[in-house]
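**Q** In order, the protein sequences belong to chains A and B. The first sequence begins at 27 in the numbering used here and counts up by one. The second sequence begins at 3 in the numbering used here and counts up by one.
Hints are supplied without guarantee of correctness; some may be wrong.
Lysine to aspartate or glutamate pairs mimicking DMTMM-like chemistry, simulated, CA-CA at most 20 Å apart [to be verified]: (1) Lys76(B) with Glu195(A); (2) Lys408(A) with Glu105(B); (3) Lys76(B) with Glu413(A); (4) Lys196(A) with Asp79(B); (5) Lys83(B) with Glu195(A); (6) Lys196(A) with Glu86(B); (7) Lys94(B) with Glu195(A); (8) Lys66(B) with Asp86(A); (9) Lys94(B) with Glu413(A); (10) Lys288(A) with Glu105(B); (11) Lys274(B) with Asp294(B).
Everything labelled a hint here was simulated from the structure, so no lab data went into it.
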Amino acid sequence: MNFKTVFRSLGIVLICEAVFMLPSLIVAMIYRGHDIASFLITILILLLVGLAMARIRPSDKHLYTRDGFAIVGLGWLLISFFGAFPFFISQSIPSFMDAFFESISGFTTTGASILKEIESLPKGILFWRSFTHWIGGMGVLVLTLAILPSVGARTLHIMRAESPGPTTEKLVPRMGQTAKILYGIYFMITAVEVVLLLTAGLSFYDALIHAFGTAGTGGFSNKNASVGAYHSVYVDAIITFFMFAFGVNFALYYQLLKGNVKAFWKDEEFRFYLGAFSVSILLVTLNIFRNIYPTFGEALRFAAFQVSSIMTTTGYATTDFNLWPQFSKMILIVLMFLGASAGSTGGGMKGIRILLLFKMIKKEVVKLIHPHSVSSVRMGGKAVNQETLSGVMAFFYMYIFVFVFSVLVVSLDGYDMVTTVSAVIATIGNIGPGLEMVGPTGNYAAFSVLSKIVLSICMVVGRLEVFPVLLLFAPSFWKRVNI
Amino acid sequence: MFIDQLAYLPHFTNFVMIDVIAENAQQFQQVLSTLEEKGRAVTMRIIIIGDGKVGFSLAENLSKENHDVIIIDKNADALRKASESLDVMCIKGNGVSTKILQEAGIQGADLLIAATTSDEMNMVCCLTAKKLGAEHTIARIRDPEYANELTGLMADLGLDMVVNPEQAAANEIAHLLRFPPAVKMEQFAKGKIDFVEVKVTGDMPIVGMKLKNIASKISSSVLIGVIIRGHDVMIPNGDMTIMAGDTIHIVGKTANIYHFCKTNNSITQKIKNIMIVGGGRIAYYLATLIADMGMKVKIIENNYERCNELAELLPHALIIHGDGTDEDFLHSENMSDMDAFVAATGRDEENLIAALLAKNSGVQKVVAKINRMNYANIIKNLDIDSIVSPKTITTNHILRFVRGLQNAQGSTIRTLYRILGEQVEAIEFIVNSDSKLINITLKKLELTPDILIAAIIRGNQTIIPHGNDRLQLGDSVIVIAKNRNIISLDDMIMTGGRQLELQDSIQKFGDRINL
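Chain B on its own, in the form it takes in the complex:
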């Protein structure tokens, strides 16, 4: 359970195990404060063991964020791809071996991430690494048997974080089921602000409306932060009109977003009955979560022995033995009467087909799990409500942890969330006393183009900003920026004196001559 809470820590409030969170928050805080004392440089040495899907995508993101990344894997072919397309160092060998770890420079390494296929191997790697002097360790542990004993394991092995891709995916799906109109959901400011992706359909009243009119006509407590139209991503201004077929990101409190969606006819009813195809780990975690939320679940699995196991593990769920891509069979299990359909088999293609079947039969909310993001562009055009990728979720959790480590080194960035690849970022900043923006009304600020202040959090108050609001010391500010590398709040203002202009032009020059 609490793996994800730890990952979500800065901005997550789940109703299930708050005590665990509190306990971990303390640990987390301790880690941060010890780092703060040392005040190291922002570039970290990160060792990744296991060059699989998660390992590769982590290496890709971390090396882009200017960390020194070293990948260890036994398989030379897997490493070849990484060494050819990423700016990282690759070492062939067994990540458990002391010699290999030392070759990778484990002593004084800031972080070791063990993401091999074996849970036990990951644990041993982290244990060895800690003994050899690695500062922090993260292990991927996915077996549900261990998942229940994690607290003890983490303490014994000295792990700083445990990631469980399937559980994280299940968590995400559970979120989406609680809030059906969302394609994706992200939380900021410890859950005070939600960032919800919604598809605009023709019957919504906001279609054809200019953004500046939305506040007066529908709701002023939410803000539309990003509009995706076809292949374009836009940071909107007040004169833009919403069109049918757009995908919009709504920023605001959960309740307000819910209200906004309700007035827009996009909420029909609460989800009560859920069908899950594929009885893997995701189904297991999801079923346990759903049971707590008071929804009913039906799991379809085509391996009879697995069905028996699930029946033992999940007494409240209905387990059905059959082929989840067989249309007749699904109909005989009255798929069309379900409120939600989750396709979570081990094969991406089956999941997509099953999800399309469900959507055709009129299921309100359809979620498909995809492991490989190879078809990302095609999937976008399919009529599936949400796509969940365990790999991406895991990567994001670890990236957030890494940024958390960086924060302790003086950065004011709290969380960062990427929309549509890397084109648009939503960043949470803390206003500190150095900022030049304090106490200036927002309409007077000359912001650089393609930047939007989406929300201000002041204590327990959440403000969707308007022209007359101003920033105060200690506020959390959520900024949406497109194609820009914003490191501090002051980067947003257009005219920040000559020095800033110089910095800006140097950066632009650097971007241009980048080979």
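With the rest of the complex left out, here is chain A:
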């Protein structure tokens, strides 16, 4: 591995993080909270460390795939580490482990919190907490690529490692341009949501916080009762719609901008996403109608919000779905595994992978009936190459493996099965709230330090789609000479 270039790039990423912290500092200054100092100190530390690392002069500037993966894997850990400083220094979260958990939860757009009481925290800290969702959603390194003046050719590896989905395609020939387009679309939709939330009567600050949480499909709110605190159908509807919108592959929005409306319908993953979304809402609505909510309208409203929130892995809640009937809860658990679309800000396994797995099973069945048949798995009319397919299978296997392993470790804490399992699903899928103790009204504070570390790793594993993180645990990856 080319350590010098990797560390130099990480230094640049840290400098960028210092820049990303400026809006929070400004918010802290506007509200004159006691958190100003914590931001100033963190920015100073980031600049010092970042500049020191960026001063490294690499002899060989080449970035290969493994270096790209290293930058992404280490970068996320470093960013989250330094992102925890404001929480810790301001003593909003007194334990550093908790602060780190909260920071990772923010950047990976999980939204799992260890905080019991949110509303009393300084405004700047809450802003930073939600802002990490926004920059983490689309990818911190992709954002870095978008704002840097010139970007080398080999940086595709970085985008590939950071963007969700089995394959990553550039929208336009140039990398930097692609990153700019993606962030442009992201910024625009977020801005529209902020405006709509303002018309719904939210304050500008609240509108920003919730737009960040929705855009990154994160789920941090500045209210203890999450979005439920507003008791407004209009707010629920806006956020339901935008959660869904941010779970769509951004490449489709680019096609839309180019005037290609049909692209949405032609996209198999989108059809699957929309189908799963509608069916889940329908089933949950029928299940909770009369059982919990007296009118069909109310049942639909809460079902739609919760399904949208869980499926896109956002994690906002307008009601305590922990009290819902088993069937509805199980649907939500299934949706947690499923997740949103590739190329969106959502987490989970992604619809396209599930679709491909189904198609592979179908191919195997056909092979049993007609042992000599030759066929290829097709997606959107194009044959999917074998490498992508085996990548999907490896991903599925590793995802389940990490899940099982983490459940084992977390079970050492001795909580009930639903809590343990749903906590792992909710972190690895970047959702946030699970069921029982970690349900919408609960939090992760009670877990032991070991469990918190494992859950933190789960969040990064889920966000970076397993492999960049696993690579960090491979001994040969760290050797200067790879054989």
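Dock chain B against the given chain A, drawing on the hints supplied.
**A** Same frame as chain A, now just chain B:
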């Protein structure tokens, strides 16, 4: 023939087919002027069909120059390398297909380059592309049968340029044979200025001489623009001394450079007898060129049928059937009495071995054709006079065409020539009325380090500049710069006010934080 003239247009005067050049110059001018009217942005959308050696190296260079490059190829493996190491977009498919071309955004594309292995495919690609709205098209057409009918083909297919790597290589070899001391030659300012690479040997009188003394002792009409010593490339100042083993680039008029080389004992005699090993297309083109230059040629080819074909095509050449890497055989064909030896078989290794054999037997000028530049570093240390790579030549021709398109968009750069990878560039600028450098004596200009004004062309006059010369409106200036990205003449001055300093520091900052 005229493919290369078109590529060379801004700075090329060949004695063979001047009428063709004139005709094409007109076409070229028309293309430029239509572009000028539109005044588009400098970034162009360029589609390359065929991800082979030329396609890849074009994509590499064009994407570095900030163009949007899209590569189309049928072979997924070839594309993988491009997509992993270049900042370009790759599309798998047949470049002839309308659907694939549309997917690549052919409508409104500035340029389509067809460089697949098949001439016919390239022609059809360009034809389709033009129909679908591509602005310009370039096709690689290498079959000699088509080469003679190109003018008609180009008009019919609406091609803006045709490249023929083998013919271009043959042209380059012919140049080198006409001017034996040159390792490489490049022409600037429509052929008024040559840029000649020469190896310094111990017996030259300039060895151990300081550059500022060369003018008074040997010749003041040429200038040494670049010195390559080992792995270092230097832009020299007057206090530098030339050492044996250096490679120098001499700038000046062809005649003056010739004179300079003559006084330096590096010219022995005119080349009359040439042996070519390998009877491929290069040999064919070269033999026809050489026949016009009054040299005698002997071609060695080990395929008997090809020998017969060549004998039919080239009545003036002596065709010999045999193995060109067999030392005994070469000696029996009195290789050591030849003035020049060209190794142009299809295999790089054979060419290198044959060239080394020839050099050992005392042939004065040995040229080897190399397709893959994989061994570039090793070859430099071998005792072969010149290396010619059809791929590199083709790439350079197309790059020049692309820059020509850019020029029409207001850039004052005329030609650009790269020495030793990308470390050093020689650039030809036109002095326009906006320049701050007009009418200031050169010694008063505070140039940034590693920059040299190598020549000034004023009308028909060529000036090798000295401290008291000054730039005038309309001059062409050739500037040599190392490790710098010079876009306009004014970039050269050190203190250009605060604004320039700011720009400079922003650029430096950008370079530093580049991931």
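**Q** Going straight from one Cα to the other, do lysine 76(B) and glutamate 195(A) come out at no more than 20 Å?
**A** holds (18 Å)
**Q** Between lysine 66(B) and aspartate 86(A), does the CA-CA distance stay at or below 20 Å?
**A** Given that 20 Å is the threshold and the Cα spacing comes to 18 Å, the pair holds.
**Q** With the threshold set at 20 Å, check whether the alpha-carbon distance from lysine 94(B) to glutamate 195(A) stays at or below it.
**A** At roughly 13 Å apart (the allowed maximum being 20 Å), glutamate 195(A) and lysine 94(B) satisfy the hint.
**Q** Hey, lysine 288(A) versus glutamate 105(B), does the alpha-carbon distance stay inside 20 Å?
**A** Answer holds: lysine 288(A) to glutamate 105(B) is near 15 Å, not above 20 Å.
**Q** Could you grab the alpha-carbon distance between lysine 83(B) and glutamate 195(A) and see if it respects the 20 Å cut-off?
**A** holds (15 Å)
**Q** If you draw a straight line from the CA of lysine 76(B) to the CA of glutamate 413(A), is it 20 Å or shorter?
**A** Cα-Cα ~18 Å, so holds.
**Q** If you draw a straight line from the CA of lysine 274(B) to the CA of aspartate 294(B), is it 20 Å or shorter?
**A** This hinted pair holds, its Cα atoms lying about 12 Å apart.
**Q** Under the criterion that the straight-line Cα-Cα distance not exceed 20 Å, is the pair lysine 196(A), aspartate 79(B) satisfied?
**A** holds (18 Å)
**Q** For the pair supplied as a hint, lysine 408(A) and glutamate 105(B), confirm whether the alpha-carbon distance does not exceed 20 Å.
**A** With a Cα-Cα distance of about 14 Å, the restraint between lysine 408(A) and glutamate 105(B) holds, given a limit of 20 Å.
**Q** Regarding the pair lysine 196(A) and glutamate 86(B), is the alpha-carbon distance no greater than 20 Å?
**A** holds (12 Å)
**Q** Would you check the hint for lysine 94(B) and glutamate 413(A), treating anything up to 20 Å between C-alpha atoms as holding?
**A** holds (16 Å)
This entry satisfies every hint, going by the numbered hints stated previously.
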